[in-house]
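With the sequences and hints as input, model every part of the structure.
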Amino acid sequence: MRRLITDTMVITERNLVRLTRAPDLVIAFTVQPVMFLLLFVYVFGGAIQTPGYDYKDFLLPGILVQNIAFGGFVTALGLNEDLKKGLIDRFRSLPMARPAVLAGRTLADVFTNALSVGVLLGTGLIIGFSFHASFIEIVGGFALLLVFGYAFSWVFALLGMLVTSPEAANSVGFLAVFPLTFISSAFVPVDSMPGALKWFAEINPFTIVVNAMRSLWVGAPAGNNVWGAFVWSLVILVIFAPLAVLRYRRSAGG
Amino acid sequence: MTSTMQVTDRAGSGAPPGAPAISVRGLTKSFGKVRALDGVDLDIAPGTVLGLLGPNGAGKTTVVRILATLLKPDAGSAEVAGLDVVADAAKLRHSIGLAGQYAAIDENLTGLENLVMVGRLYGMSRAKAKVRGRELLARFELEEAADRPAKTYSGGMRRRLDLADALVAKPPVLFLDEPTTGLDPRSRLALWETIEALVADGTTVLLTTQYLDEADRLADRIAVIDHGRVIAEGTPDELKDRVGGERLEVRLSEGADSGAAIRALTPMSDESPTAEEGLVRLFVRGRSGTIVEAVRRLDEAGIGVEDLGLRRPTLDDVFLTLTGRAVESADDDEEDKP
Numbered sequence: 001m002r003r004l005i006t007d008t009m010v011i012t013e014r015n016l017v018r019l020t021r022a023p024d025l026v027i028a029f030t031v032q033p034v035m036f037l038l039l040f041v042y043v044f045g046g047a048i049q050t051p052g053y054d055y056k057d058f059l060l061p062g063i064l065v066q067n068i069a070f071g072g073f074v075t076a077l078g079l080n081e082d083l084k085k086g087l088i089d090r091f092r093s094l095p096m097a098r099p100a101v102l103a104g105r106t107l108a109d110v111f112t113n114a115l116s117v118g119v120l121l122g123t124g125l126i127i128g129f130s131f132h133a134s135f136i137e138i139v140g141g142f143a144l145l146l147v148f149g150y151a152f153s154w155v156f157a158l159l160g161m162l163v164t165s166p167e168a169a170n171s172v173g174f175l176a177v178f179p180l181t182f183i184s185s186a187f188v189p190v191d192s193m194p195g196a197l198k199w200f201a202e203i204n205p206f207t208i209v210v211n212a213m214r215s216l217w218v219g220a221p222a223g224n225n226v227w228g229a230f231v232w233s234l235v236i237l238v239i240f241a242p243l244a245v246l247r248y249r250r251s252a253g254g
Numbered sequence: 001m002t003s004t005m006q007v008t009d010r011a012g013s014g015a016p017p018g019a020p021a022i023s024v025r026g027l028t029k030s031f032g033k034v035r036a037l038d039g040v041d042l043d044i045a046p047g048t049v050l051g052l053l054g055p056n057g058a059g060k061t062t063v064v065r066i067l068a069t070l071l072k073p074d075a076g077s078a079e080v081a082g083l084d085v086v087a088d089a090a091k092l093r094h095s096i097g098l099a100g101q102y103a104a105i106d107e108n109l110t111g112l113e114n115l116v117m118v119g120r121l122y123g124m125s126r127a128k129a130k131v132r133g134r135e136l137l138a139r140f141e142l143e144e145a146a147d148r149p150a151k152t153y154s155g156g157m158r159r160r161l162d163l164a165d166a167l168v169a170k171p172p173v174l175f176l177d178e179p180t181t182g183l184d185p186r187s188r189l190a191l192w193e194t195i196e197a198l199v200a201d202g203t204t205v206l207l208t209t210q211y212l213d214e215a216d217r218l219a220d221r222i223a224v225i226d227h228g229r230v231i232a233e234g235t236p237d238e239l240k241d242r243v244g245g246e247r248l249e250v251r252l253s254e255g256a257d258s259g260a261a262i263r264a265l266t267p268m269s270d271e272s273p274t275a276e277e278g279l280v281r282l283f284v285r286g287r288s289g290t291i292v293e294a295v296r297r298l299d300e301a302g303i304g305v306e307d308l309g310l311r312r313p314t315l316d317d318v319f320l321t322l323t324g325r326a327v328e329s330a331d332d333d334e335e336d337k338p
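In order, the protein sequences belong to chains A and B. Heads up: the first sequence at position 24 corresponds to 24 in our numbering, and the numbers run straight through without jumps. Heads up: the second sequence at position 216 corresponds to 216 in our numbering, and the numbers run straight through without jumps.
No lab work stands behind these hints: they were computed from the structure. Be aware that one or more of the hints could be misleading.
Said to hold, decoys possible - Think about it this way: if two alpha-carbon atoms lie no more than 27 Å apart in a straight line, the pair counts; the simulated DSSO-like pairs of lysine-lysine are: (1) B:LYS91 x B:LYS130; (2) A:LYS84 x B:LYS240; (3) B:LYS130 x A:LYS85; (4) B:LYS72 x A:LYS84; (5) B:LYS33 x B:LYS72; (6) B:LYS72 x A:LYS85; (7) B:LYS91 x B:LYS72; (8) A:LYS85 x B:LYS151.
If you want it as structure tokens, here you go:
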């Protein structure tokens, strides 16, 4: 267990250091949601009815959740690159704790996710987002974002080892996550969608997490959303972390 | 005697003195319907180099991957440094180093950072890993590049860093999977010298290569592998002897009649000589006085000779005879894995 912790720290450090050397990826994943936020607020904002809320207040939690789900892309791309370059073979030939490569990767994502949440929230505050929440609720919202993002990093970890190239990781990831985040309450009220979509949007875990964020930060009625959101994050983690580690143990490399 | 003791001690971990550092019995491995290994046996004595030679897809990389604990065999057994590659895999990883076909380094980290990372993953403290890293950088002439990201390194520098990574824990057994593929001649030579120095220090090396000159220079013994089986094994000289005797090569003077030369030399060989653009070749069965006899016969037939000499078979000849194929060029960089 001590080995797992030190090895995980070594890998986390490695991934954070290398991000500072090649910051383009992180910048891309930080600038893109800011662009989304601005486009949605100023292009679509006027046309979308969000009864009871200012659209900025409605949108920001949604964009934050979408953004955090994509944070794991850094893991998918990085792992795939490591696999192709033979680094995973090297790691697997070392006497290190088996899950440490993935645990270190996903932990590094938490830091980059925190950074992009900060940038996005900062932009939101500048254009007029305002909290309607207690201090505890605000902290709870941050915690939820990071936990959900961490769980999703494991989904991307698995993806990164299943696909044959970083390009494929990109396309598959976008194809899978993009519709999931759009057919949810992230950008528009679910009630405005046609029947089948509405049905899907209501059971979509993204909706639950977005609603939880809204109840934590802008005072929407919570229902079971907050607990539900944490439970969903845990379910994702419990399913995908073992799958990813199993896949890592078997990864053939090259 | 003391040096022998030291060698066996390094190959160590309870293996009895004189026991092979690597011992492989009946190894098989299939990927789907493809039988990559079909009963491979190998023995490598401590402090020696075994060259694993074979065409692409022969199973070389699969052998290395199994011995480096990256892959489990379907059947058969393998011991490295006295440890079973499956049952004792976790323990064995302390005693092996692996340098692969690609330089497995993190290009965004500096040379030193790469080595420190690997050292810490071997369980060293940060300080100890740094000391070891500096040592290796000095040894591989990477000191000046120590604090530059590895993406700025040349191909030769990357391979050296990769090899340094494999040596962080001073492993008694080293696996080198086509270590010089894609390197320029100068870098190749430098890497060969490094490998020779390691072996002189008692490291046991399993080397796969497509370059026959590399195997000839580095390997104490060579195993030729094809279709997942070892089809020949021995020292480079033994293998060359198996191909047959020496070959006489006669370079005729300009305008000389090669037909006449063939007729003159035919009695010297069991097979008929060949002629190609003024170069006549024939196999001779290791008789002494061959050159004198050849000169006398050609002289009597009045055939002008520019140059003539005996050539031992090369490993290329060995390879061609054993597998019926020439070695593929290494530019054709298709590695033999699933």
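**Request:** Starting from the hint list further up, note which numbers the structure goes against and sort them upward.
**Result:** 2
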